[in-house]
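Number of protein chains: 4
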Amino acid sequence: MKYNGIITPMLTPFNHKGEIDYSSIDTLVKYLKSIGVSGIFPSSSTGLFPFLSTNERKKMLERVLENSGSIKVFAGIGAADTDSSINLAKHARDVGANGVVLMPSYYITSSQEWIINHFEKVLKAVDIDLIIYNNPKTTGTNIELKTLEHLKSNYSQVLGIKDSTGDMRYFERLLFLKDSNFSVFQGEDDLMFISLMIGADGGVCAISNFSEDVVNLYNSYTSDDLEKTRTLQKRINGMMDILLLSNFPAMFYYAFYRKFNIKGGYRDPMVRPSKKVAEKILDFIKVV
Amino acid sequence: MKYNGIITPMLTPFNHKGEIDYSSIDTLVKYLKSIGVSGIFPSSSTGLFPFLSTNERKKMLERVLENSGSIKVFAGIGAADTDSSINLAKHARDVGANGVVLMPSYYITSSQEWIINHFEKVLKAVDIDLIIYNNPKTTGTNIELKTLEHLKSNYSQVLGIKDSTGDMRYFERLLFLKDSNFSVFQGEDDLMFISLMIGADGGVCAISNFSEDVVNLYNSYTSDDLEKTRTLQKRINGMMDILLLSNFPAMFYYAFYRKFNIKGGYRDPMVRPSKKVAEKILDFIKVV
Amino acid sequence: MKYNGIITPMLTPFNHKGEIDYSSIDTLVKYLKSIGVSGIFPSSSTGLFPFLSTNERKKMLERVLENSGSIKVFAGIGAADTDSSINLAKHARDVGANGVVLMPSYYITSSQEWIINHFEKVLKAVDIDLIIYNNPKTTGTNIELKTLEHLKSNYSQVLGIKDSTGDMRYFERLLFLKDSNFSVFQGEDDLMFISLMIGADGGVCAISNFSEDVVNLYNSYTSDDLEKTRTLQKRINGMMDILLLSNFPAMFYYAFYRKFNIKGGYRDPMVRPSKKVAEKILDFIKVV
Amino acid sequence: MKYNGIITPMLTPFNHKGEIDYSSIDTLVKYLKSIGVSGIFPSSSTGLFPFLSTNERKKMLERVLENSGSIKVFAGIGAADTDSSINLAKHARDVGANGVVLMPSYYITSSQEWIINHFEKVLKAVDIDLIIYNNPKTTGTNIELKTLEHLKSNYSQVLGIKDSTGDMRYFERLLFLKDSNFSVFQGEDDLMFISLMIGADGGVCAISNFSEDVVNLYNSYTSDDLEKTRTLQKRINGMMDILLLSNFPAMFYYAFYRKFNIKGGYRDPMVRPSKKVAEKILDFIKVV
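From first to last, the protein sequence lines stand for chains C, P, A and W.
Okay, so the first sequence: first residue is 765 according to this note's numbering, each after it adds one.
Okay, so the second sequence: first residue is 765 according to this note's numbering, each after it adds one.
Okay, so the third sequence: first residue is 765 according to this note's numbering, each after it adds one.
Okay, so the fourth sequence: first residue is 765 according to this note's numbering, each after it adds one.
Just so you know, these hints were derived from the structure itself, not from any lab.
Accuracy of the hints is not assured; some may be wrong.
Heads up, the list lumps identical chains together, so a pair's fine if it works in one copy or across two of them.
To be verified - DSSO-like mimics (lysine-lysine), calculated; alpha carbons at most 30 Å apart, straight line:
| # | residue 1 | residue 2 |
| --- | --- | --- |
| 1 | K1039 | K885 |
| 2 | K1050 | K794 |
| 3 | K916 | K781 |
| 4 | K992 | K910 |
| 5 | K823 | K836 |
| 6 | K910 | K781 |
| 7 | K1023 | K823 |
| 8 | K910 | K998 |
Using the sequences plus the hints, can you model the full thing?
Spelled out as structure tokens, the structure:
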């Protein structure tokens, strides 16, 4: 199996009490199908998975699968301890997810040895497609190339990587690992143009939770319309600059709620964006 | 209430299956009483609290309280989401802990606004002494002085801070906040001598899980034996250099297991230290 | 004037006493002409310009100009204080250099205000084409986009930028400034493929001091042979990995001396590469 | 010889054309004698030595020596290349300086091997007391403890270190090297209290260019008046917070010029502080 295109690291809609708003998940999934993303990734970082209970994560995955149709569903199975990830992986397999996404443990910084132990225990316990997720900003550690090569060459389930380092030097070296069974995804929305130009298979782009720009960017690229690709990238960069004025990922939630007229909430300790900053995003929402 | 002395950020003993070994908790608590620490802090970073379930954390706290006697018990209530911390704080209060220790949310980096929201929701929900824990290495964010001053001046329950930044410039400014109801603890074992010399109330020192050196250092300082204080600091520094040759906190577990002849284990993804590195710690264990 | 292609940040050949070896400059210039670089940049970082006296720098520039033929010559005029840069710029203009390359002051970290002052004083004093050089690793400061835009829009002499940040997010934004009078050069040899793919005009590549690989890479790209471009990038990456095993830029000197059988030296405090590391480069030299 | 007390890293007074104002050097030296510093260090970082020509540095040193009386004079001999440092060291010896201060090469980051080469070449060439200056913020590299121990144990001229890392973990380890022939100086004004409390011999404090607070702090400490020491440190911290609102070291120049009613200037690219920021320093100047 070879994956590509734009995968949405799905946010987790909350109501004003901070509880998961399952009906808004349906709204989001319906929207994602309409704009043509290739995959949905619940329990992502944007989805604030560490703020959710295991039961909430399982229930959310099931809800996504009810409506996902032909879109691939990749269940986030990240956890600080390995057993929790195995538990989530088994559930994902049992309920029919297409694959899972796993990052190294967090809070306590992992060595490469810990990373290998973490991934191998999950890979040996559950037979399901797995995408490796590298994000040093949240885990405090980088997955070194030799660690990645080890996992890729020893486990045929390992089908790709989502890289959120923002380091194109590293990303280029990832592309040298790309083959017919291993996909390389860019995890930073503002690096999509560069990444596609040098051979990325696609992106895991948070902005697709409420904007089709990045899907259009991907389609422009595959249609060889580089000028349009570049123009869309510029617009996305402008949007990202504004979204990150409030602490990640609050602004993505605000934009989603406003676009779909949802009276949503923010699970603590996430705080809703200030009015001043929030106003700046409204122009983009209208354009979309 | 004014706290001081050495508080032990308790490790969580595991058996070879990676399950919590409750009887070894008794061994550890008995040891800590014998060497004269002033407090015990279960569900600490050394205790790998993000690897534990809520039930495990509650049961462990109860087990500590059964044997703690006159030693103060500070329950770690850290969690990525605020509600989980509130839940743990209520339990700590109900089972009779002396206080709780709370750090900012993690994985997703908190802004100062998120930090204030996180702490205030907990402080308003539960009336129990609270020590603020600042550790940018694990949470990705520093608690700024004005955030700290806000919490300290508005909530009389806030009785101290454990600082693990390793930044003495910041630590000195913390000491300017010290008063009869607010204690400042150093969280880095190798900075105890400096910290006490400029007025720290004590330390939260992982090394006390298996060594009385740091308790002796504290007692030497309060007895005005600066030469002995300095000598002990040098020995502790040497020990720390070795302990951190393996990924934190594996070596602390190894040292504890060896000192008490426990056949302990390592919850995944933590990996036991390599033999080569482990051998280096044995001399210190014998000396202790 | 619009510049492009590969510019060589020329190393400064030394003899065994650490004096400049002017005849080896001729050897190097002759080689650079033979492989087809578009420009030569004496008094570069690779050329260790801060280790050279003003007189040495002037004499070296004159020597280069004697043999450079149709290749463009860009004189490095970097200095900690602005007046020294003005002095060097006037000399460069007077002896017929095509342009100059200037970076912010160093040792003391510059603010954006200092950067603007530094560049404006030089630009107002001397009328000659100027390429801005951004290298936070050596100057401790990044030239912000708005600083760059200010200089570019107010001074028509500003004809390009050499970016050595290694940050492609920044580099992509530089490319949005590219126009018919402003060229964007990549300063990191291992990022040439990516940079050309997204529109860079060329590179300032230290490896061209002894290898034609990067010139071939550029030519492959302009001939639309992307497969060859990528293959050459992979080889260059391998070479860079080895070159940087010794402290920059000693290995570039070693490679140059060996390739041309020069009994060269290393001005203090630069130290010649260890034998063990040096041996690794010999295979590459032979291949070239 | 054993050095201690407060050494002034002397600023270089300029006139409005940016030329050195030698008569204001006399004013400064006279002031430093009056407040009781133990040493003067011309060609310091505060003195912007990389902005000065070799001749200016020599002439300035000679001018300082004319008026220094019993105060020790330590000539800064920092340079990017080793030969320039040797040249300056010989001059310092010949004109009767008490010692020299040397840091690693800069702009190009030095390895430990380069550092050792740099210092050894100077130490072998000139017999004069030498203080090692460690400042990774300006040189890009840290002098490792084993490098320092190597230099200290092999060269009896090496009589001390000025540490500007701001890292007290490192500083404490320096103090373990202190002996009757090796002094440890703190280079950060706001860390003087901590440093003296754990055994520092003194400080190299830029604030003494226009304020006697830090001399008073030192004297309070040696008189065992810890409360006054702490109070002075707090005031110094407040002053430093303001001084560093403009790019180092412009505000030190402004404060000096205002205190002594000198119509001074700022050598390019240094820019004079903005009015808004400058006003904040005036209260401190009056207090002094």
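The hints, checked one at a time:
{"no.": "1", "hint": "K1039 - K885", "result": "between (46 Å within a copy, 22 Å between copies)"}
{"no.": "2", "hint": "K1050 - K794", "result": "within (19 Å within a copy, 60 Å between copies)"}
{"no.": "3", "hint": "K916 - K781", "result": "between (42 Å within a copy, 27 Å between copies)"}
{"no.": "4", "hint": "K992 - K910", "result": "between (37 Å within a copy, 25 Å between copies)"}
{"no.": "5", "hint": "K823 - K836", "result": "within (17 Å within a copy, 40 Å between copies)"}
{"no.": "6", "hint": "K910 - K781", "result": "between (45 Å within a copy, 29 Å between copies)"}
{"no.": "7", "hint": "K1023 - K823", "result": "within (25 Å within a copy, 45 Å between copies)"}
{"no.": "8", "hint": "K910 - K998", "result": "between (34 Å within a copy, 16 Å between copies)"}
Violation of the numbered hints given earlier is absent; every hint is satisfied by the structure.
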